[in-house]
Amino acid sequence: MPAPDVPSAGKASTPPPTPTNSAPVIRDYRAAWTLTGPALILMVLILLVPVAIAGLLSFTDYSLGSDSFNWIGSANYEKLFTRASYEKMFVATLTYVVTVVPLSVALGLGAAILIHSLGRFGALYKTIYFLPVMATLLAMSIAWEFMLHPTIGMLNRTLELGCGTLLERVWPFLANGCADRFPVWLGDKRYAIWVICFIGVWQGFGFNMVLYLAGLTSVHRELYHAAEMDGARSAWDRFRLVTWPALGPTTVFVVTITCIRAFQVFDTVEAFWPQGGGPNKSTYVMMFAIFEKGVQQNLIGIGSAITMLFLTFVMFLTLIQRWLVERKVHY
Amino acid sequence: MTELSIVNVTKRFDETDVLKGVSLDIADGEFVSLVGPSGCGKSTLLRIIAGLEAQTSGDIRIAGQSVVDRRAADRNLSMVFQSYALYPHLSVADNIAVPLKMRRLSRLQRLPLAARLLPSGRAASRKIEYDVHQAAKMLEIEHLLNRKPGQLSGGQRQRVALGRALVREPAAFLLDEPLSNLDAKLRVQTRAEIAQLHRRLRATFVYVTHDQVEAMTMSDRIAVMMGGRILQCATPETIYEDPDHIDVAEFICAHKINILPVEIADDGQLHLLDRRLELSVVGAGRGVGSLGLRPEALRLAGENAPIRGHVVHRENLGAELFVQVEVAALKERVTLRANPEQRRALQLGSPVGLEFDPAKALLFDPHGKRLRQLRPTFAAKPEVA
Ligand SMILES: Nc1ncnc2c1ncn2[C@@H]1O[C@H](COP(=O)(O)OP(=O)(O)OP(=O)(O)O)[C@@H](O)[C@H]1O
Ligand SMILES: [Mg+2]
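Chains as they are written, first to last, in my numbering: chain A, 1 to 331; chain B, 332 to 716.
The following block holds chain B by itself, in its conformation from the complex (with noise of 0.2 Å):
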């Protein structure tokens, strides 16, 4: 059993404070990844796994035992680094053969025409050269074997670090934005590979990146990272239906969410530009909320909408249709997805009403913490303006 478990832990650089108490337990075999923006300690949390760098207070627990007075090399953790880091002098067998001499070869037997001369270094020589083909075969790199890194692409430098990782059996893989330096479509094809690896190791991932989108798509859960603190971490589908924090909902958004303000009465009426949604929340004191309304939560409606404007940008994407829409009342443009069919009723400057799910309005209270206790309120018809 691997799980591993990060316990309260806190980084602090000179005078900054860049963890602020980070918890997370991440179960056998589970993919979680850890997103955020540039700069909130991704990075610093998973070199702190990696055990690369100490860690200010707190504990790591790899399979239930404390791992903080053991070494990196020591915590059987493989790493993928952002750049790579593979050595420019040893050609791509060697370097995913490097983890395997280093660990299971005696220091006489790693002297160079050693692994030749003795018997035993050459049966474990062998077995070495097994392993490295296995790999390679895994990740379609056998034809680069005998090239050096920096014969290679990036896309073909990112398996060969992979493989260096995978080459041995570690406790879990940690991989910091192992994809960020490639093209987009090579991206999505690692990204393919990468899931599929983690399907069929069933090993413990912990995987850094800022793209939303590989989060996504690969994760069992994700973990979002602000300003040194996991905000959540849930999996995907709750991380975008249901988030916690307006930050997460929106970092987490395939187009910009919709924040719009809202009013909140004493008794949790909402009003909103003020007109009175059927909506109100149990648990809230007074005071100006925000409502996150996601593009596809929204949809054209008549005259008497709650939302009205017109139209001002409209992004074609083909199988859909975004459409920017100017509120008087609102400094930022509200967005909408909409069918191409409805392309007609929005050409540019036509003016439009808006009306949205109330199931799927998100509503934060003024310090961006979500209100989960919305309640319908069935007014017999709200009054005409």
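Only chain A is shown next, with the shape it has when bound in the complex (with noise of 0.2 Å):
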């Protein structure tokens, strides 16, 4: 291609490959930097500089207040691995993790699409389900307490109404309860994460929920005529065929997002059991563990440790995440 004479190539005493578009594209990249850079800066100071100090500090035995410090390579990660402790912390996590986000995503869906079928009592439905995602959850979890309170709370005394019925004899668990004595729940390593995955769910799926609302407000209502003109009959083929489709991108989103909240469950296991993570550490929670280490004990060190686990497990599911809103729900 011939290169036309253009005036502002017209400098260049020795012209490049491509001499019209070269200046335009250096003026280009520098307003792109212009813009961008605040954001950058901002970035880089209160995101990656503390990040990138904790990972350093993970490899060392410093704590608040010291003057110096030892490096001591990877002597923290290895404790975070073969410590019965951290064990209990991974166990802990991760019975959380698995039980708290299927639960509260498929309950907020559930009533989502109710409460989206329903004309009259659904704004009042949404503020029942709603208000727990409100609620301090410290407060939420005095009023807890009362509830399971092995003999005065309202769970036992409940249960214990079903003593002597025909309830009895077809619920052993009741049975069990009548004759000996109903359980402890909150002292009783057996029942303790369970106690803290209940709350959990009810605490959180008031907010899956309103996302499923937001996302069912988008679904073409003529694909559900389609649906039934196709011959989608059942509720089921019409939720295969249409609602669940649709809710692509709405269930990735609150799946990542019920997971990461999921990883960072403290306010209960703080309230309800101040000192060491609940009965024989049965809920001893990841972001307890930091708390415990790195504030309660200053053990700054292992505290960076688990910090920069839980980070990796937060940036996994956000990749992952990216992942399938790029290949598998955009249409």
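Among the hints, a few may not be true.
[Stated by the list, open to error] Straight-line distance between alpha carbons at most 20 Å, and here's what the computed EDC-like set of lysine to aspartate or glutamate pairs gives: (1) A/Lys79 <-> A/Asp61; (2) B/Lys432 <-> A/Asp237; (3) B/Lys479 <-> B/Asp425; (4) B/Lys432 <-> B/Glu500; (5) B/Lys662 <-> B/Glu686; (6) B/Lys458 <-> B/Glu473; (7) A/Lys88 <-> A/Asp188; (8) B/Lys479 <-> A/Glu222; (9) B/Lys479 <-> A/Glu326.
Please keep in mind that the hints were generated in silico from the structure rather than gathered at the bench.
Two chains, two frames, some hints: make the complex.
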């Protein structure tokens, strides 16, 4: 292509292969950097630098207030993967995540679909299910503590009502409780983590419901009519053919958010067992471990190591989400 | 036999009557268009036929049987939606296959992988695949089968929607403005394709549109709807040449029809612009009627013509010339279709006289109803004004 003599390229004494575009391209770069610069600087300062510092600290035995520290290599990480108490941490965290995520996503979806099909009382149910999301978990924890009290708690009192009835025969758990006594919900290592899970679901699914409700409003109504004309007779067929695919992007977002929130569970554990992470460390979740090591015991090194692990999980989840969003659910 | 009968259907939404007693009989294999201005209830009627909406009263019969208590899925009708309503997550092939899968496969066979694992499912799936290919071939969208609807143009999407409706053999096809989203060229092309398809399949079609050109070119019969009623249902020629109502005449026209006020005397003699016409009407009372004259019913005449005015606007379409004439006594301009050779005589501002062919004049009573009993009155020679 013959290079036309463009005035802006006049300065260049030895023209590069494409002399006409080079000047504007450089100017574009400069504009791009100027525009993104402030955001980049902020991101580096308040996100990347602290993460990098935590990463470095996780290889030391630093504690707050001391003047010096030693590089101890990967000793902190070795501890994480060998000590029994950290094994309990992983078990508790994974149990929580694996229970809470599917349950609160499924309940959120179910509640959203039911409310969406409801004309009049939809707003009322929406408010009821969303209340726990807005409430302070710490305050709610105290309420739950009362309800779960082994002798005067509402739950065990209710269970006692079932004693001596037919229920006792068909439900061994109740029979055992009546014969002996009902569980000490918060003090029994068999139940503690499930109580935490239950409260997590109770507290979290309203949020998912709201997200799903938003997703449902964007489903094209004519698609349901098309499905009906195509012979989708049952509600399940319509759900499979129209609703579920349309909620794909919402679901990816909801699952990711719920996962991250589940990894972050802390308030209830801290409120119920300020020391030690539950009976026999059965609810010793990651966030609580970070808090205990890094803040209560001032072991910054090991605390940072757990934090790095935590960040890795979250990063991994986010990457999966991005991949899913780009590959699968965008039409 | 799949004739379709709509018997006295009414529909009321909250406080408004959208359909006020619509009756229509559609023969087996007939192509009937529902036309009318926006909001007259065409889509509502179509959705009532389909079973997606419940009528307030009235009956729908398919092949002589009432289907009011059958849900849409059981009426065996196919519908093409105005918005196409394709499933965005499914490929074109899967979209077209949905109606077959829903009807031919059991719930077990529809589970993922089951189609491949169960021997019965495998045979059925192969048949479905074959049928989908046949439908795609007919609509020339074979090369698009693996794409998602989001990757298609409007015209291609429209064909996929048609394919999904055509792939099984329903009692009738219901189409709701399927061409409204296409550009002019594609619309003409697809119009021809649908008409051809109808000829090939010989199926019953109910076609909703508010484009009267579509209705004129494709249909066996046109039902003109207005304000929740069918004003007239007849062949395109009849609707155009012999409308029952002034609204039909005004709605179905390539170029706006001229409506002129005429006085009807006691003896039925007509007077236009204070001039006695060589026309009278039988069986109408005294009053002011309307005379409908299509632009092609008018022709240039000399000084003594009944309508006189001067040219104020010209539209040259090449093969024909439309001229708007302002007449002193009339509020609205009169449009005339002329030959391009007459261009010279029709310069802007030049005075013209217009006369009309009595056989093509449409007379309506004060309520808009057509008066058909026109008689020529042979006056020896009208007295010169
Ligand atoms: N669900 C509804 N609730 C209340 N009114 C409705 C409802 N659906 C339609 N209508 C009213 O019924 C009338 C007819 O609507 P319809 O959709 O049948 O019109 P249409 O003839 O198809 O018009 P268009 O050519 O614009 O598609 C309109 O006035 C509309 O406002
Ligand atoms: Mg419509």
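Okay, the hints, checked on the actual structure:
no.	hint	result
1	A/Lys79 <-> A/Asp61	holds (12 Å)
2	B/Lys432 <-> A/Asp237	holds (11 Å)
3	B/Lys479 <-> B/Asp425	holds (9 Å)
4	B/Lys432 <-> B/Glu500	holds (14 Å)
5	B/Lys662 <-> B/Glu686	holds (19 Å)
6	B/Lys458 <-> B/Glu473	holds (17 Å)
7	A/Lys88 <-> A/Asp188	holds (15 Å)
8	B/Lys479 <-> A/Glu222	holds (18 Å)
9	B/Lys479 <-> A/Glu326	holds (15 Å)
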